[in-house]
Amino acid sequence: MKFKTDIRTETKRKRFSIQNKNKINSNKMSKISVNGKAQELETPISIAELIKLNNVAQPSMVSIQLNGQFVNRDDFADTHVSDGDELDFLYFMGGGQSSYQLTVKD
Amino acid sequence: MDFTEEQIQRYSRHILLQDVGVEGQEKINNGKVLIVGAGGLGAPIALYLAAAGVGTIGIIDGDVVDLSNLQRQVIHFTPDVNKPKVISAKEKINLINPDVKVITYQKLLTAENVLEIIQDYDFVVDGTDNFPVKFLINDACVIAKKPFSHGGILRFDGQTLTYVPGSACYRCLFHSPPPPNAVPTCSQAGVLGAIAGMLGTIQAAEVLKYLTGVGDLLTNRLLTFNAKTMEFRTIKSKPDYNCPVCGDRPTVTGLVDYEQAVCDIESHKKTNKMTPNP
Numbered sequence: 016m017k018f019k020t021d022i023r024t025e026t027k028r029k030r031f032s033i034q035n036k037n038k039i040n041s042n043k044m045s046k047i048s049v050n051g052k053a054q055e056l057e058t059p060i061s062i063a064e065l066i067k068l069n070n071v072a073q074p075s076m077v078s079i080q081l082n083g084q085f086v087n088r089d090d091f092a093d094t095h096v097s098d099g100d101e102l103d104f105l106y107f108m109g110g111g112q113s114s115y116q117l118t119v120k121d
Numbered sequence: 002m003d004f005t006e007e008q009i010q011r012y013s014r015h016i017l018l019q020d021v022g023v024e025g026q027e028k029i030n031n032g033k034v035l036i037v038g039a040g041g042l043g044a045p046i047a048l049y050l051a052a053a054g055v056g057t058i059g060i061i062d063g064d065v066v067d068l069s070n071l072q073r074q075v076i077h078f079t080p081d082v083n084k085p086k087v088i089s090a091k092e093k094i095n096l097i098n099p100d101v102k103v104i105t106y107q108k109l110l111t112a113e114n115v116l117e118i119i120q121d122y123d124f125v126v127d128g129t130d131n132f133p134v135k136f137l138i139n140d141a142c143v144i145a146k147k148p149f150s151h152g153g154i155l156r157f158d159g160q161t162l163t164y165v166p167g168s169a170c171y172r173c174l175f176h177s178p179p180p181p182n183a184v185p186t187c188s189q190a191g192v193l194g195a196i197a198g199m200l201g202t203i204q205a206a207e208v209l210k211y212l213t214g215v216g217d218l219l220t221n222r223l224l225t226f227n228a229k230t231m232e233f234r235t236i237k238s239k240p241d242y243n244c245p246v247c248g249d250r251p252t253v254t255g256l257v258d259y260e261q262a263v264c265d266i267e268s269h270k271k272t273n274k275m276t277p278n279p
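Order-wise, the sequence lines are chains S and B.
Each residue of the first sequence is one higher than the last, beginning at 16 in the numbering used here.
Each residue of the second sequence is one higher than the last, beginning at 2 in the numbering used here.
Check the hints yourself; a few may be wrong.
[Unchecked claim] Under 8 Å between C-beta atoms, here's a sample of chain S residues computed to sit facing chain B:
{"hint": "1", "residue": "S78"}
{"hint": "2", "residue": "G83"}
{"hint": "3", "residue": "N87"}
{"hint": "4", "residue": "D103"}
{"hint": "5", "residue": "M108"}
[As the list claims (entries may be wrong)] Below 30 Å or equal to it, Euclidean Cα-Cα: the simulated BS3-like pairs (lysine-lysine) are:
{"hint": "6", "chain 1": "B", "residue 1": "K229", "chain 2": "S", "residue 2": "K67"}
{"hint": "7", "chain 1": "S", "residue 1": "K67", "chain 2": "B", "residue 2": "K237"}
{"hint": "8", "chain 1": "S", "residue 1": "K46", "chain 2": "B", "residue 2": "K237"}
{"hint": "9", "chain 1": "B", "residue 1": "K237", "chain 2": "S", "residue 2": "K52"}
{"hint": "10", "chain 1": "S", "residue 1": "K46", "chain 2": "S", "residue 2": "K67"}
{"hint": "11", "chain 1": "S", "residue 1": "K46", "chain 2": "B", "residue 2": "K229"}
{"hint": "12", "chain 1": "S", "residue 1": "K52", "chain 2": "B", "residue 2": "K93"}
{"hint": "13", "chain 1": "B", "residue 1": "K84", "chain 2": "S", "residue 2": "K46"}
{"hint": "14", "chain 1": "B", "residue 1": "K229", "chain 2": "S", "residue 2": "K43"}
{"hint": "15", "chain 1": "B", "residue 1": "K239", "chain 2": "S", "residue 2": "K67"}
{"hint": "16", "chain 1": "S", "residue 1": "K52", "chain 2": "B", "residue 2": "K229"}
Please keep in mind that the hints were generated in silico from the structure rather than gathered at the bench.
Cβ coordinates follow ideal geometry from the N, Cα and C atoms, glycine included.
Using the sequences and the hints given, assemble the complete structure.
Below is the structure:
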């Protein structure tokens, strides 16, 4: 069981190093885009931190794409954004019946 | 297919289009489309597909028309209150266009009946208002290799994507439905009526494009708009290799009915969690 977990973690790490091609430098200002809008912030920053920074009202409900690729919720804290990255925050839209406080407060 | 003089008149504005013509109109008349939900989205979808002459329109909805529906469900009129929605819809579809064969299903779409119901159709349109059914439609269409249009609206926002076998499905973007207890109780959010028309009509256009083969479908893209700012965004996506239903190692191999959130005004009053909209 323990062996299998290690393999999975290793595969995850390899996948992220492929996704995050830029090396993570220590604290620099970077330009990224979130939902098409430019944001300038200090990197490295994790997706989890970015969600907080953008005041996402229901963080457990937001779905994230990084450079067109879906990011698993379990990986939000471990995935870091770097200069030039494009993120899309996607929200559930169900219809007149269901309700979510999903607005990103500007 | 031989068009009558009357049909040529009726569909003349389609026939005039170089990209559509008589051949395209024939394809529309031979098309079979299932609309899930005869509500906010289902209404404009049904109206436009009827007008276009889609040969067979299936429409599934277990509800009756409610007064609060009339604010946006433009296929239902005041005298239709308390009438089954599918009956009300069928009447209007045939008043617009007697050419259209309407098949009504006065029931809910469930894991048990979905595969059987969708199998006779060329295209499925999601006009539903809850996530369990949205995920069910997605999963069933992926499993049955059935093209479909996903759509959802809320307050002033709308989003839609089109799936054809091989393109990104709804789960590629949203891996799993939100748990029912994560939904603050009920129809508190509301929706601007016209938003339903904005989004539903986009879905209808996608259906006609699919049937005629014209243009580029909203595949591998999520079209999202905010009507307050009238900002339309297209988010590029691709099939996720980790997608639970269409990925390399699918975990969703069977269909389930996810738990529904309890959603009615009474339970909302009791919990008092939300302040009413002004």
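These are the hints, each one checked on the structure:
A distance limit of 8 Å between C-beta atoms decides the matter here; for S78/S the minimum to chain B is near 5 Å, and the interface restraint holds. The beta carbon of G83/S is positioned within 8 Å of a beta carbon in chain B (closest approach about 5 Å), and the interface hint is therefore held. A least Cβ separation of about 7 Å between N87/S and chain B falls short of the 8 Å threshold, and the interface hint therefore holds. Taking 8 Å as the C-beta contact cut-off toward chain B, the hint placing D103/S at the interface holds, the least distance being around 5 Å.
Interface hint at M108/S: satisfied, since its Cβ lies 3 Å from the closest Cβ of chain B, which is below the 8 Å cut-off. This hinted pair checks out: K229/B and K67/S have alpha carbons roughly 24 Å apart, not beyond 30 Å. For the hint pairing K67/S with K237/B, the CA-to-CA distance comes to about 24 Å; that is within 30 Å, so the pair holds. Of the supplied pair hints, the one linking K46/S and K237/B holds, its CA atoms being roughly 20 Å apart against a limit of 30 Å.
The straight-line distance between the Cα atoms of K237/B and K52/S is roughly 15 Å, inside the 30 Å bound, and the hint therefore holds. With a C-alpha separation of about 17 Å, the suggested pair K46/S and K67/S falls inside the 30 Å cut-off, and the hint holds. Proposed proximity of K46/S and K229/B is supported: the alpha carbons are some 27 Å apart, at most 30 Å. With a C-alpha separation of about 43 Å, the suggested pair K52/S and K93/B falls outside the 30 Å cut-off, and the hint is violated.
A hinted pair counts as satisfied when its Cα atoms are at most 30 Å apart, and K84/B with K46/S does not qualify at roughly 55 Å. A distance of roughly 35 Å separates the Cα atoms of K229/B and K43/S; the hinted pair therefore is violated under the 30 Å criterion. Taking the CA atoms of K239/B and K67/S, the gap is near 26 Å; set against the 30 Å cutoff, the hint holds. Distance hint between K52/S and K229/B is fulfilled; the C-alpha atoms sit about 17 Å from each other, no more than 30 Å.
The structure fails hints 12, 13, 14 (numbered hints given earlier, in ascending order).
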